[in-house]
Structure formats: structure tokens, C-alpha cells
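**Student:** One-letter residues, chain by chain:
2 protein chains.
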Amino acid sequence: MTRIAPTTTKGIPEATIARLPVYLRALASLADQGIATISSGALAEAAGVNSAQLRKDLSYLGSYGTRGVGYNVEYLRFQIGREVGSAHEWPVIIVGLGNLGTALANYSGFSSRGFRVVALVDSAPEQVGRWIHGLTVSALDDLEQVVASTGAAIAVIATPPGAAQAVCDRLVGLGVTSILNFAATVLVVPEGVNVRKVDLGQELQILAYHEQRKSDDPRVFDGAYAAEVTPA
Amino acid sequence: MTRIAPTTTKGIPEATIARLPVYLRALASLADQGIATISSGALAEAAGVNSAQLRKDLSYLGSYGTRGVGYNVEYLRFQIGREVGSAHEWPVIIVGLGNLGTALANYSGFSSRGFRVVALVDSAPEQVGRWIHGLTVSALDDLEQVVASTGAAIAVIATPPGAAQAVCDRLVGLGVTSILNFAATVLVVPEGVNVRKVDLGQELQILAYHEQRKSDDPRVFDGAYAAEVTPA
DNA sequence: TTATGTGAAAGCGTTCACAGCC
DNA sequence: GGCTGTGAACGCTTTCACATAA
Numbered sequence: 001m002t003r004i005a006p007t008t009t010k011g012i013p014e015a016t017i018a019r020l021p022v023y024l025r026a027l028a029s030l031a032d033q034g035i036a037t038i039s040s041g042a043l044a045e046a047a048g049v050n051s052a053q054l055r056k057d058l059s060y061l062g063s064y065g066t067r068g069v070g071y072n073v074e075y076l077r078f079q080i081g082r083e084v085g086s087a088h089e090w091p092v093i094i095v096g097l098g099n100l101g102t103a104l105a106n107y108s109g110f111s112s113r114g115f116r117v118v119a120l121v122d123s124a125p126e127q128v129g130r131w132i133h134g135l136t137v138s139a140l141d142d143l144e145q146v147v148a149s150t151g152a153a154i155a156v157i158a159t160p161p162g163a164a165q166a167v168c169d170r171l172v173g174l175g176v177t178s179i180l181n182f183a184a185t186v187l188v189v190p191e192g193v194n195v196r197k198v199d200l201g202q203e204l205q206i207l208a209y210h211e212q213r214k215s216d217d218p219r220v221f222d223g224a225y226a227a228e229v230t231p232a
Numbered sequence: 001m002t003r004i005a006p007t008t009t010k011g012i013p014e015a016t017i018a019r020l021p022v023y024l025r026a027l028a029s030l031a032d033q034g035i036a037t038i039s040s041g042a043l044a045e046a047a048g049v050n051s052a053q054l055r056k057d058l059s060y061l062g063s064y065g066t067r068g069v070g071y072n073v074e075y076l077r078f079q080i081g082r083e084v085g086s087a088h089e090w091p092v093i094i095v096g097l098g099n100l101g102t103a104l105a106n107y108s109g110f111s112s113r114g115f116r117v118v119a120l121v122d123s124a125p126e127q128v129g130r131w132i133h134g135l136t137v138s139a140l141d142d143l144e145q146v147v148a149s150t151g152a153a154i155a156v157i158a159t160p161p162g163a164a165q166a167v168c169d170r171l172v173g174l175g176v177t178s179i180l181n182f183a184a185t186v187l188v189v190p191e192g193v194n195v196r197k198v199d200l201g202q203e204l205q206i207l208a209y210h211e212q213r214k215s216d217d218p219r220v221f222d223g224a225y226a227a228e229v230t231p232a
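Line order of the protein sequences matches chains A and B.
If you count the first sequence from 1, position 27 lands on 27 in the UniProt record's numbering, and the numbers rise without skipping.
If you count the second sequence from 1, position 119 lands on 119 in the UniProt record's numbering, and the numbers rise without skipping.
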């Protein structure tokens with residue numbers, strides 16, 4: 001029983017939460033450079049956001065800055081990290097070891113951010129037993145045991161679209177409550193389970209939409225017009 | 001000179017544009033199932049959105065439905081596809097062929113959505129000349145020629161964080177105007193260039209935030225409380 | 001009768017601008 | 001004097017609810 005007070009639960013906006021990891025990364029980089037203190041303006045620039053936005057975001061977590069001075073890099077880093085859950089090292093399992101799943105299993109960006117890939121699962125018999133990045137691939141049939149033994153609450157789905165919902169249902173049934181979905185399908189989950197979708201094709205399509213606009217009329221920058229403002 | 005009228009440029013909200021690919025995918029799936037007509041309610045469910053939202057989104061494109069009936073699947077698919085730029089087949093180049101870049105080069109989800117990976121580029125001499133998915137890896141030094149000969153306006157950056165901004169600058173200098181960034185860095189680009197970021201570590205951190213909240217208090221679903229509503 | 005298309009309302013998120021504190 | 005923290009204004013997004021059309 002850690003924190004009991006329920007109404008104390010801070011209502012941090014979802015948009016802010018999505019930016020906290022960006023701030024963390026910027027702070028890590030500053031710390032590496034030996035910078036001890038930073039202003040909201042400079043940190044905002046490093047994170048690619050407006051400085052007012054940064055200050056408002058941080059104000060949801062608490063008052064960690066010093067007026068007239070700025071923020072202590074290490075202290076702020078610790079506070080944001082604690083909020084995001086970096087104190088903990090989260091075990092993660094990956095289901096589906098095609099090209100993408102295999103790349104994710106080897107991806108170093110997870111471990112550097114407080115996640116540890118603890119199990120790999122695939123349904124194809126030829127994948128099972130394969131050795132990837134220090135782990136052997138388990139059979140989908142053994143999913144129950146894999147989840148139970150690792151205690152993972154977070155799973156990555158990188159299966160073909162057709163298999164994703166079934167895998168998701170099984171994971172949820174075994175107690176997984178956070179899913180990162182790379183499959184090109186909309187997953188339906190019960191309340192209390194969080195899903196984030198990464199659809200690579202979709203990202204390119206959004207770029208293509210803007211690209212098409214640009215080629216329609218070279219002066220168009222993203223639907224709005226650049227320059228030609230105040231034609232003297 | 002295709003469409004000249006500048007003020008005719010429809011102001012489709014960014015949030016809507018981001019959902020169009022989702023609708024396209026749902027429509028493709030319906031078409032495969034042989035379904036010819038669909039209501040906003042059913043399509044919204046397949047896409048995982050509210051039906052009012054779907055109708056409002058589609059209304060920005062035009063009036064493609066029939067009152068009292070619904071939408072013709074193939075016709076709507078064509079209209080959305082045209083808007084997003086699926087008519088065109090977009091050439092894409094990938095820079096950085098580590099685990100992730102290699103997986104992307106092999107990823108089938110791009111070609112099925114109107115994109116063709118036309119060139120692979122890496123700075124490491126041991127990568128250059130490697131044969132991946134029907135393409136040989138070019139040297140970063142040859143970037144100018146690669147962009148010129150392929151005519152790609154869209155590039156994927158999957159380099160280490162430290163190299164990303166320099167690669168980005170070179171790409172932009174060579175005329176690339178849309179970038180999908182997998183590197184864990186904030187890219188700075190001139191106006192008129194679109195960047196979309198996919199940060200896998202960040203996605204997990206957002207899930208971890210919510211996960212932490214859940215373990216603080218098992219009754220908490222995402223900051224809000226579930227059940228216990230109307231305690232009889 | 002049924003389901004779209006859309007003004008109007010409500011809800012969020014961002015930005016401004018300045019009071020408060022070092 | 002300088003920079004944080006924050007109410008208030010603004011703008012964008014979602015949802016409602018109904019007029020409109022088949």
C-alpha cells in the first residue's frame with residue numbers, strides 16, 4: 001500500500017504526460033554536457049516546445065524551479081523520472097518476431113529508458129527456440145507461463161494484423177494492462193487497459209498528405225501560405 | 001500546374017488528417033469482406049472512433065454519403081485515398097540501417113499503402129553495398145546522387161541520435177521536404193518541411209506512467225475511478 | 001423512417017502576459 | 001533584474017443534437 005489518498009491523484013493532462021519523456025531526454029543530454037542549471041527557455045528549445053508550455057507542464061508536477069534562476073537539471077530529471085516511472089525497471093514482453101519484432105528485441109532505446117525486454121513470444125514453430133539478443137523465443141502456447149514468470153504488465157504486439165486482437169485478448173486475460181501495438185489494427189480492450197498504437201504506414205500517409213499539398217502549389221507551406229506577407 | 005486556386009485549399013484540421021489513414025484501412029478491410037455499403041456508426045466502430053467524429057471528419061472532404069443509407073465503401077475509399085495522396089506512389093529513402101532501419105527496409109506495410117522504398121543509405125563502410133530487400137545500401141557520401149536520381153521527397157531517418165540532425169540538414173538541403181524521424185532527437189527544420197517523430201522509448205514511457213498509477217491504487221483506472229459509481 | 005451533414009456547445013490544450021519570488 | 005508559476009484568453013477538437021435529405 002503505497003499512496004492511499006485517492007483524491008490526491010494529480011490530474012496531469014495527457015498531452016503533458018506525452019511530453020515528459022521528451023523533457024527527460026533533453027535533461028539527460030544536458031546532464032551529460034555537465035550543465036547543472038537551466039532556464040525554461042533553454043530547456044524548451046532543447047525539447048522543441050514553447051517555453052510557456054514547458055513551465056505549465058512542469059507546474060502540474062510541482063514547483064521544482066527557482067524564480068530568477070531556473071531549474072536544477074539533476075533534480076528536475078529525478079522528479080520527472082519518478083513521475084514517469086523511471087525509478088522502476090519495467091519488464092516488457094514482445095509478441096511477434098518478424099522483422100519489426102526482431103528489431104525491437106534488439107533495440108537499445110528501451111533499456112536506456114528503464115525497460116527490460118524479458119521475453120519474446122511467437123506462434124511460428126520455426127521461430128520458437130531462436131536466440132535473439134540474449135533471449136530464446138517462447139511459443140505462443142506458453143504465453144501464460146511467460147507472463148506469470150516475468151510478471152510483465154507491459155507488452156509489445158508486433159504480429160501480423162490478423163493475429164493482433166487475439167494475442168491482445170490473451171495478454172489482457174493474463175493480466176497485461178499496457179500494450180504497445182505495432183500491428184495495423186484497431187485493438188479493442190476493456191477499461192483499465194492502456195493501448196498505444198504505432199502505425200508506420202499511417203505516419204508516412206500523413207506526410208504524404210502534406211507533400212501532396214506542396215506539389216499542388218509550391219508556395220503552399222502546409223496549407224498556409226508563407227512569405228508574401230505584407231507585400232510592401 | 002494542377003490546382004491553381006489557392007484560397008480553395010480546404011482547411012482540413014490536422015487531427016482529421018491523422019485519422020484518414022485509419023479510415024482507409026478500415027475501408028480496405030470492409031472491401032475485402034465484400035461489404036459495399038456502411039453506416040457512419042459501423043465504420044466508426046471499425047476505426048475505433050466516435051460516429052459523430054467520423055461524420056465531421058468526412059464532411060471536411062465533401063458529401064460522400066447518402067442520407068438514410070450510409071457510405072459506398074469503394075467510393076469513400078477512393079475519395080479518402082485521393083485526399084491522402086494514395087493515387088501517387090511515393091518514393092521513400094531510408095537513412096540509417098541498424099536494426100530498426102533494416103526492419104523498416106523489409107517492412108511490407110509501406111508498399112501496401114502507396115510507398116516504395118527506393119534507396120537505402122548508411123554511413124558505415126561495412127553497411128555500404130549490403131543487399132536488403134532488393135536494394136543495395138548506398139554510402140552517405142552519395143546522398144546527393146541518391147536523392148536526385150530517385151526524386152524522393154520523403155525520407156526516413158533511423159540513425160543514432162547524434163547523427164540525425166546532420167543527416168536531416170543534408171536531406172533538406174537536397175530537397176527532401178517530409179521526414180519520418182525514428183532517432184531519439186528533436187529535429188530542427190526550416191519552414192515548409194514536415195517532420196513526424198516516432199520514439200519507441202517514449203511510447204513505452206507513456207504506458208509506464210499509467211502503469212505506475214494503476215499499481216499505486218488498483219482501483220484507479222488511468223487517473224479516473226471505475227465502478228463504484230452509484231453505490232446503490 | 002433512417003442515417004448523413006453540420007451549427008452550436010462543451011471540453012482540451014496552448015499561448016499570453018504578468019504577479020510573485022529569488 | 002530575471003525567471004518561474006499561473007490565471008485568463010485564445011484556438012483547436014470533440015461531442016451533442018437536430019435539420020436535412022433519401
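Some hints here could point you the wrong way.
[Stated by the list, open to error] Quick list of in silico lysine-lysine cross-link-like pairs, DSSO-like style, CA-CA up to 30 Å:
(1) B:K214 / A:K197
(2) B:K197 / B:K56
(3) A:K197 / B:K197
(4) A:K56 / A:K197
(5) A:K197 / A:K214
(6) B:K214 / B:K197
(7) A:K214 / B:K56
(8) B:K197 / A:K56
(9) A:K214 / B:K214
(10) B:K214 / A:K56
(11) A:K197 / B:K56
If you are wondering where the hints come from, they were derived from the structure by calculation, not from laboratory data.
Values in this document were obtained by computation on a predicted structure and should not be read as measured data.
**Student:** Hints first: check each against the structure and report whether it holds.
**Tutor:** To see whether the hints hold, each was checked on the structure:
Between K214 (chain B) and K197 (chain A) the CA atoms are separated by roughly 20 Å; this keeps the pair inside 30 Å, and the hint holds. Under the criterion of a C-alpha separation no larger than 30 Å, the hint pairing K197 (chain B) with K56 (chain B) is consistent with the structure, at around 27 Å. With a CA separation close to 13 Å, the supplied pair K197 (chain A) and K197 (chain B) stays within the 30 Å bound. The hinted pair formed by K56 (chain A) and K197 (chain A) meets the criterion: a straight-line CA distance of about 27 Å does not exceed 30 Å.
The hinted pair formed by K197 (chain A) and K214 (chain A) meets the criterion: a straight-line CA distance of about 28 Å does not exceed 30 Å. The suggested pairing of K214 (chain B) with K197 (chain B) holds, with an alpha-carbon distance near 28 Å, which does not exceed 30 Å. Only pairs whose Cα atoms come within 30 Å are accepted, and K214 (chain A) paired with K56 (chain B) is accepted, the gap being roughly 25 Å. As the CA atoms of K197 (chain B) and K56 (chain A) are separated by approximately 23 Å, the hinted pair is consistent with the 30 Å bound.
Annotation: proposed proximity of K214 (chain A) to K214 (chain B) is violated, straight-line Cα distance about 45 Å (limit 30 Å). For the hint pairing K214 (chain B) with K56 (chain A), the CA-to-CA distance comes to about 25 Å; that is within 30 Å, so the pair holds. Proximity of K197 (chain A) to K56 (chain B) is assessed by CA-CA distance (about 23 Å); at most 30 Å being required, the pair is judged to hold.
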